[in-house]
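Line by line, the protein sequences give chains Y and U.
Heads up: the first sequence begins at 31 in the working numbering, then just goes up one per residue.
Heads up: the second sequence begins at 5 in the working numbering, then just goes up one per residue.
Careful, some of the hints might be misleading.
Quick look at which bits of chain Y chain U covers, simulated, 3 or more residues with Cβ under 8 Å [said to hold, decoys possible]: (1) 299-305; (2) 420-429.
Beyond 10 Å from chain U on every Cβ pair, some chain Y residues (computed) [what the hints assert, rightly or not]: (3) 58; (4) 59; (5) 89; (6) 190; (7) 206; (8) 228; (9) 254; (10) 326; (11) 446; (12) 477; (13) 478.
Just so you know, these hints were derived from the structure itself, not from any lab.
Note that beta-carbon positions come from the ideal geometry of N, C-alpha and C, so glycine has one too.
In case you want the letters, here they are:
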Amino acid sequence: MTGLPLHRRVLAFTCLLAACTGQPQPLQKPLAPELAMPNALRVALLDADLPAVAETVRLAAGKSLAVKIADWPLPTAADGQFTASDVVVPLETLTLAWQDPQRLRLTAQLGKTAANLSLVLTGQAGCAVGWQAEDAKLEVDAEIVRAPSGGLVVQASGTPIATWHLAKVTDPAACLGKLPPTLPASLGDHLRSQIGVQLAEHLNQAFLPTLATIFAASLEQSGRLTLAPTAVPPIEMRFALQFQDDNGHLATHSGALAQANLAVSVDGDRHPCAVDVPLPVAVASPLAQRSPPSGPAFLRRALVLDQGLVQRLAWLAARSGALCARAPTTLATTLAPGWAADLLPQVDEWIEGPPTGARFWPGSSPVTRLIDTPAGAAVEWTMEEGQLEIIARVADTEMTVLTVTGGFRATLLPHLQGTHALAFDLVAVERLSTHQSSPLLGDLATPPSEAALSALCEAALQGIFAGEAVLPLLALSPGPLPSGTVLTHVDRAGDALWLWLEGGQKP
Amino acid sequence: MRVRRSTTLLRLLALVGALWLAAGCDKDSAKCETGLCPSGFACNPGSGLCEALASPATSTSGLLGRLAAVRMADGQLGVAAFSSERKSLLWMRESQGDWQPSFLAGPAASAQEPPAGHTSAAVTDADGTAHIAWRRAGDGTLWYATQGANGWQREQVMAATPGTVGAALAIGIWQGQPILAWRALDIQNIRVARKGADGWLVEALPQPVALPGDATAPVDLGRSLAMVVMPSGPAIAAYEATRGDLVVAVHPDANWSVARVAGVDAKTGADQGDMGMPVAATLGPGGELVLAYRDRLNDRVMLARAKSGVVSHQVVMDGQRLDEVHQTTRSDLLGSVLSVVVLPTGLAVVAAQDATSMRVRVAAEKPAGGFTTYTVPGTLQAWPTLVTQPDATAACLWLDLANPAHPGSGRLQRWNVPRGGE
Numbered sequence: 031m032t033g034l035p036l037h038r039r040v041l042a043f044t045c046l047l048a049a050c051t052g053q054p055q056p057l058q059k060p061l062a063p064e065l066a067m068p069n070a071l072r073v074a075l076l077d078a079d080l081p082a083v084a085e086t087v088r089l090a091a092g093k094s095l096a097v098k099i100a101d102w103p104l105p106t107a108a109d110g111q112f113t114a115s116d117v118v119v120p121l122e123t124l125t126l127a128w129q130d131p132q133r134l135r136l137t138a139q140l141g142k143t144a145a146n147l148s149l150v151l152t153g154q155a156g157c158a159v160g161w162q163a164e165d166a167k168l169e170v171d172a173e174i175v176r177a178p179s180g181g182l183v184v185q186a187s188g189t190p191i192a193t194w195h196l197a198k199v200t201d202p203a204a205c206l207g208k209l210p211p212t213l214p215a216s217l218g219d220h221l222r223s224q225i226g227v228q229l230a231e232h233l234n235q236a237f238l239p240t241l242a243t244i245f246a247a248s249l250e251q252s253g254r255l256t257l258a259p260t261a262v263p264p265i266e267m268r269f270a271l272q273f274q275d276d277n278g279h280l281a282t283h284s285g286a287l288a289q290a291n292l293a294v295s296v297d298g299d300r301h302p303c304a305v306d307v308p309l310p311v312a313v314a315s316p317l318a319q320r321s322p323p324s325g326p327a328f329l330r331r332a333l334v335l336d337q338g339l340v341q342r343l344a345w346l347a348a349r350s351g352a353l354c355a356r357a358p359t360t361l362a363t364t365l366a367p368g369w370a371a372d373l374l375p376q377v378d379e380w381i382e383g384p385p386t387g388a389r390f391w392p393g394s395s396p397v398t399r400l401i402d403t404p405a406g407a408a409v410e411w412t413m414e415e416g417q418l419e420i421i422a423r424v425a426d427t428e429m430t431v432l433t434v435t436g437g438f439r440a441t442l443l444p445h446l447q448g449t450h451a452l453a454f455d456l457v458a459v460e461r462l463s464t465h466q467s468s469p470l471l472g473d474l475a476t477p478p479s480e481a482a483l484s485a486l487c488e489a490a491l492q493g494i495f496a497g498e499a500v501l502p503l504l505a506l507s508p509g510p511l512p513s514g515t516v517l518t519h520v521d522r523a524g525d526a527l528w529l530w531l532e533g534g535q536k537p
Numbered sequence: 005m006r007v008r009r010s011t012t013l014l015r016l017l018a019l020v021g022a023l024w025l026a027a028g029c030d031k032d033s034a035k036c037e038t039g040l041c042p043s044g045f046a047c048n049p050g051s052g053l054c055e056a057l058a059s060p061a062t063s064t065s066g067l068l069g070r071l072a073a074v075r076m077a078d079g080q081l082g083v084a085a086f087s088s089e090r091k092s093l094l095w096m097r098e099s100q101g102d103w104q105p106s107f108l109a110g111p112a113a114s115a116q117e118p119p120a121g122h123t124s125a126a127v128t129d130a131d132g133t134a135h136i137a138w139r140r141a142g143d144g145t146l147w148y149a150t151q152g153a154n155g156w157q158r159e160q161v162m163a164a165t166p167g168t169v170g171a172a173l174a175i176g177i178w179q180g181q182p183i184l185a186w187r188a189l190d191i192q193n194i195r196v197a198r199k200g201a202d203g204w205l206v207e208a209l210p211q212p213v214a215l216p217g218d219a220t221a222p223v224d225l226g227r228s229l230a231m232v233v234m235p236s237g238p239a240i241a242a243y244e245a246t247r248g249d250l251v252v253a254v255h256p257d258a259n260w261s262v263a264r265v266a267g268v269d270a271k272t273g274a275d276q277g278d279m280g281m282p283v284a285a286t287l288g289p290g291g292e293l294v295l296a297y298r299d300r301l302n303d304r305v306m307l308a309r310a311k312s313g314v315v316s317h318q319v320v321m322d323g324q325r326l327d328e329v330h331q332t333t334r335s336d337l338l339g340s341v342l343s344v345v346v347l348p349t350g351l352a353v354v355a356a357q358d359a360t361s362m363r364v365r366v367a368a369e370k371p372a373g374g375f376t377t378y379t380v381p382g383t384l385q386a387w388p389t390l391v392t393q394p395d396a397t398a399a400c401l402w403l404d405l406a407n408p409a410h411p412g413s414g415r416l417q418r419w420n421v422p423r424g425g426e
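In isolation and in its complexed conformation, chain U is listed as follows (with noise of 0.2 Å):
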């Protein structure tokens, strides 16, 4: 909502407080640009004005796109999602078993604003306080908001290049403070930005380990990516295009260490398929780094452990299905969204998207091994994330696209996933 001129003193007095707001945050201000404007305001570069946030919102439906799910401090969900309708950037906080919506960014939170949220990735800190980051597809900018006690405060993260940032996404919270991943189209790579006294702190990661036989093509990485913390530091799962492989950066030290972790045999450089696209992580009771990604050439979700060194992989479910008709095996495409939550008994909760008949599957790991896979109650559904519940099991959400009134947008839905994969 943003603050405008009136001739009535009720709202002359807005004027006033609304100027006092905007003051210093002209398109000029450096204040602007370094988004210094009150909690539950920001700077909107486009008019130097500083304009609410979270403006309320009727609906979880006429959503589309992923959902970033994160679990607040008082053990609530807050969910970011794109509503298609509003073409805005929609936070959804639950509230005793419903609800909240209000939008964070696009037309539906400040009219001057052009559309945002396509993509968006949500982390909480130690505190439980929501941090938020998003990509303006427009213009290809970069915005990162956190929940203060009075609101949303948000800004543009300057240290990505306007026209650079692609579709993929991801933020940590690294010694306290943000730290964000995208796909930087102008390199073909992921960039890092870390939150520090003096504003952002960006970098590229470096290539990948060479291996025997490795092409001298460019590496392409990043059209999928994730990343968690772990304790020695950020680690970053990402697909490498040019050789379909799944590769991991970890930070132990001041440097990254980026090597091919799926795709490719590490001995020699043989070529294994199309793996990594898309992938998710999560972290193990031990703060190990575990990952789901996507086997595309059999259409099978894989789950990666690494610990000590050692990088493990199963397989999680296959797309395969059975004609009846036929007597045929068709391949479903599965696992075109993944995510992956690992429970405190360390048993792995993997959700994917088989986007041919539209459904959820979600797999538990049973504690003697292997999968105990369900299909989600329901029809038409998409973009599945999981979270952890209070009760140490996991929670679906997605969208359900099944509106005849809305075609191609969904309303938030919740499936929890039983116990122990039983």
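Looking at chain Y on its own, in the form it has when it is part of the complex (with noise of 0.2 Å):
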């Protein structure tokens, strides 16, 4: 196994929710409860988005319906019946709307609807009845429930309800005049109930999967990862995802949003590289309200992770020993020829070419916050104490040309990686304090170029985070979402970074 060519690019976050390096294990035994973070990751969807939403259910269910309408028996005399070809709904439009915080309702404006019917009397020709109704909405409700089962699911909620305006029987032939005169109302209701029914039960086929795809229930897992089966020990981690339960309801409505919430529990075996740090504590804010990132989108929704999962996935990753464990590490190529000369000139002219490693050792464990920069939402990481090793040729040998001492501040820019997975670059580092020596030369007797010291740092960490365990996040394909799920947008706001999710097909 070689050093593996070096991408700018990276920081990749991986694996919290699917697995890069390969599906998930099953756990040996559950995580301790006290690991799990309540509140840690949400999906939330916008009041915003509903209309969207809703228009993807139009779109699923299609835009008029066929429906059957049963024979139906005269109910005074056994010799006739009416019989019907089937009827078209047209689905003018749907809207949604929680009706309460547990659930949201869809509501169809029905067109304009005529049934063609014939009464047949025994013995006699048939003759044409109509019937047909031009103000009508149907009104499903759905919610999101934990299942008998144990797992999420998305089920329909109450009784449909089918509101009739302008609703008549029209009979033109004069059929009806030989039947009761409450027989035509009896027609209408059995018109009404057969296509309502019907309706509510094609609606639901389009609608519940809908919201099954926002609110996946393959979020909800646990297994262990191996994040770096190159380094040594293999990095593994341990994770859990446990949608949180409100009265049984696991998708609440408040405000402009309703939200999901899921418990994150993660844990990993030190390294002995690693500084012992226990668990950070870490309380998740309340979701912040706001408004969608752009214009309407196609099943929209957001992966909110709060910053207290952010540092406790930076711990886990510091723990495991992700920055120290000795894994193929180049780095990156960005460094100019000569690149020592500002920096070791007693010995620039027998470093051959650029660095050849960085090894980084820490003496803390890093602390993470959620920050805005020009470029946008960024992760700022910071490591208190650690060493940074810079290792190069001399004389054709591999060498620790370079030490530099003190703490370092990384700034990471997450960006999308294709349309589903995201990576942070590392786009600054801030060195604080620190002290540089070499171990060919002993103490440095002349500080080296500032410039040149804050390019090699940024190299060898872009190197060192290249790994994709130093910060393991979120990698949201091949993954539980949906297929078809792509990441669109990642903001912030509050302290809470947002991935917004589109698309989807149905589970």
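Need the complex rebuilt from these two chains, each delivered in its own frame; the hints are there to steer you.
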């Protein structure tokens, strides 16, 4: 196994929800309850996005629905019945609105609907009768609940409500004259019931899976992931994500959004190179109200990562040895030729080529916070104490040529990698009271060039952070999200990172 | 030293002598190309003249890079090293507890010659005569010299295409003739040249035996290499960079046989790490191949013994170090330079560069098994190499870099390894 080529890209955020290195293996035992951070991850659906979701349902259901009308025997005589051809019901509009914190209502406004019927009496020719309705709507409700089996399920709630206006039976051939006067009303009831039940069933077939795409039950999972299989030893993390119940309901509406909250537990074995620091206490902040990042979008929702979860993942990564475990690491090739001239002029002549590697030895545990930068939301990662070692070839021999000891602060800018994964570019490194020395020369008599040192540290940390396990956060593909889901935006609101998702096929 | 024209009689005589020496040795001369200058002189292909060799040097300091050490016929040591101060190949011969240095190649040996000797290798033949090969980095040429009765005689190895000679080089003696192995940059493989009656016969090593799951990626062989000559023929140990494996090539008959011996599971082809950069080789008392190699991902130095077709591996030492302040374990960059010898008792001694603390560590195998590890006294040490001593012990040579006046270059030092790993 050899060193991997370095792409400047990144600190790849990977694999909490999905395994870029393979599917999670089952946990050998459940994670301790005290490891769980409530509300660490949320699925948020903004009210502003409900019209687009409703349109998604309408497209899935079809713009008009064919309803079969069953034959209706005459209630007062066994010698006849009404028969009808299929009725086509136009779905003019669909709207979505939360009825209460747990129930989402889909309202379908139906277009003009007409049924052609035939009254057939024994021994007589059929006689044409009509029925039509011009103003009708149908309401179906859904809720996201804990299923008896334990999983999350989106289910219809209550009885569909159909409201009919201007519905009437027409009798152009005077077929109904010999029948009881209440029969037309009964016939109307029969038709409304037939149409309503079938329409509700049809709408739910589009509505419930659409909601299930948004509030994906598959987010709830647990397991073991090998984040860095080539590191020595391989870096493994254990995790569990569980939807939180609110009186049996897993998604609730408040303000201008609905959210389903997940408690996230993470754990991993401590690598001998990592400082033994306990799991950071983290309490998720309330979800900030906000507007969608752009105009209407197809099935848009957000995965919201609380800052505390980012902090715990950074802690876990450092604890697991992601910063220091020996793994193929190369430096970014952004350093100019002669990079050592301003750093180690005494031995520059004998240093061949760019640095061949770097190592980082943490003397503390990283602290992260979300910040805004001119380029957008970012993660600020601070290691108060650590040592960075720069390795280069001297007279054809790999040697540690420079050590930088002190604090380091990195700014990690999220960006989308393709349409599925989130990656972070290390865009800046700040040194906090560092001290430089060279094993070849001892303490440096003259301080190295600040610019050259900064460039070197940035390149070195980019190389180290390019390891997939340095801040394992999220990879959205192939992952547990419904296939076809794409990641479109990343931004920050309050103490949370919002990952905007769109699309997805029905599970 | 180049002979020049002078108006004095003495110098005129010298000029006459020099012209005689240079007869037939201009740049169009076949003699020059085949290196047929008198003993103690060598043909400078730039000038086409024979030039005296082994210009006296005054110091064994100002050195940089790997050392090539051999034991001479008289039991004394000879060491080839690169003088960073003079950018020349320095030959140091042990004499009564001191070193007698002289320049063999480069501008300090001949004013017209470009820097030479960054990489060198040395071996002695059955008579104790030293043979040295070196690379001239500037033009990527390969050179060879042997020590005759009247001094060094050197030649360019024309079989090695200029510009293609990489920085890994080894030399051995096979059937009384020198055999060279070097990394050939044009084919990313190892070329081997054996001196014969008609000059150097050159060939490239074949590909290693394919394993299950072998990728089709091209083999990149020889960024590090070592060679010894076993009773059955030469053996080359080398690093294969595409997969990060240690490869061994043997020549039991008319053909080379090349196989991966570490870094991969020979049965399944599964990756087992990054092994063999660098590698060092020696022979055991029974003529068996003994290798020291680096396990890069684990910062370990390993020892491999090949006997009866079976290769056994053991850990010699690792780079783990306790950080008492943080109560953590760090791993030093251990083994970026390696050297191995086997004592007449069959016990191995391995020297390794700790390239994080710039110290030399020596591990001596104990009769009961395992190793005793020493850190060589001093500071700022680099490029260790081991030699066996007449008293059946080992000595470690290295460069002491702790000289503020000459940062980045070192002075040759020596430390005797305690007997028996005690």
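Hints and how they fare:
1. 299-305: holds (count 4)
2. 420-429: holds (count 7)
3. 58: Check passes; 24 Å lies beyond 10 Å.
4. 59: holds (27 Å)
5. 89: holds (46 Å)
6. 190: holds (59 Å)
7. 206: holds (82 Å)
8. 228: Holds, since 57 Å exceeds 10 Å.
9. 254: holds (21 Å)
10. 326: holds (48 Å)
11. 446: holds (31 Å)
12. 477: holds (16 Å)
13. 478: Fine: 14 Å to the nearest Cβ keeps residue 478 (chain Y) off the interface.
In summary, the structure agrees with every hint in the numbered list given earlier.
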